[in-house]
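> Taken in sequence, the protein lines are chains D and X. Be aware that the first sequence starts at 1, since it is given in my numbering, and climbs by one per residue. Be aware that the second sequence starts at 1, since it is given in my numbering, and climbs by one per residue.
If you are wondering where the hints come from, they were derived from the structure by calculation, not from laboratory data. Certain hints may be false.
Unchecked claim - Restraint ranges, calculated between C-beta atoms of paired labels, are given here:
(1) Ala-125/D to Tyr-97/X: 16 to 24 Å
(2) Gly-5/X to Val-67/D: 31 to 39 Å
(3) Val-60/D to Leu-12/X: 30 to 38 Å
(4) Gly-120/D to Gly-5/X: 18 to 26 Å
(5) Ala-13/D to Arg-89/X: 37 to 45 Å
(6) Val-67/X to Gly-10/D: 15 to 23 Å
C-beta: ideal position from N, C-alpha, C; glycine also.
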Amino acid sequence: MMVCFGSLAGMYALLGAPIVAAAQVLIYLGAISVLILFAIMLTQAGDANLPSPFHRQVWVAALVALVVFGLIGWAVTATDWGNATVVVAVALNAMAKALFTDYALPFEVLSLLLLAAIVGAIYLARRPEDDEKAN
Amino acid sequence: MGLQGYLVVSALLFAIGMFGFLARRNAILMLISIELMLNAVNLSLVAFNAYDYYSPNDTGAIFALLVMAVAAAEATVGLALVIAIIRTRQTPEVDEYADLKE
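Isolated chain D (complex conformation) (with noise of 0.2 Å):
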């Protein structure tokens, strides 16, 4: 998992999008990452009865997913991308300009969203014994 965002992030940089090649380090590698590796270390100690990973759909959903890329690959390739050959790289002051300007609104969201996120987490990751305590 680590390995296919990292390869992510070079591919951001090679599309010209080093501010989102960066993002992608940030967040996925540096965040992600260690936040899913903490939670698998908290939830499967010593946990090695799993009768099988996968699900009984496991069948259907390989039909559905090889369906899905069949049609999306299907749809990319059939069409005409005209001129689409040259890489255009990002320019970070334009970017920035309208990331403040004409994306506020979803930028303040956003903050907003995140903001309610950290609360819901340390609500959600607080024990309830904490509860007691403080009261």
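With chain D held as given, fit chain X onto it using these hints.
Chain X only, in chain D's frame:
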């Protein structure tokens, strides 16, 4: 490799994420699969942006950043919820949560 290559990689990543989400039984691994699918969409956004397809003002990169932040928030809350459920149920298997519907 042109725009098509990136889009095919994105589709493959999305399909893998979808398969993992549908077929895995562990709640944490299902969340990882969701992250994979979000990453696939991000890759296609940045690819369209880089090849200057319908994208004035680097809209694709901006939306990729927004999606990343939303993904981070979603992973935080999702993992917190999953850990809370695992703490009470003592199992990460989603099949065992069937009585939530009662």
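> Each hint should be assessed against the structure and marked as holding or not.
Results for each hint:
Between Ala-125/D and Tyr-97/X the beta carbons are some 19 Å apart, a value that agrees with the proposed interval 16 to 24 Å. For Gly-5/X and Val-67/D, the hinted distance range of 31 to 39 Å is not satisfied, since their beta carbons lie about 21 Å from each other. At roughly 19 Å, the beta-carbon separation of Val-60/D and Leu-12/X lies outside the given 30 to 38 Å, and the hint is violated. The supplied range of 18 to 26 Å is broken by Gly-120/D and Gly-5/X, whose beta-carbon atoms lie about 39 Å from each other.
With their beta carbons about 42 Å apart, Ala-13/D and Arg-89/X fall inside the hinted range of 37 to 45 Å. In this structure, Val-67/X and Gly-10/D meet the distance hint of 15 to 23 Å, their C-beta atoms being roughly 19 Å apart.
Against the hints set out earlier in the document, violations occur for numbers 2, 3 and 4.
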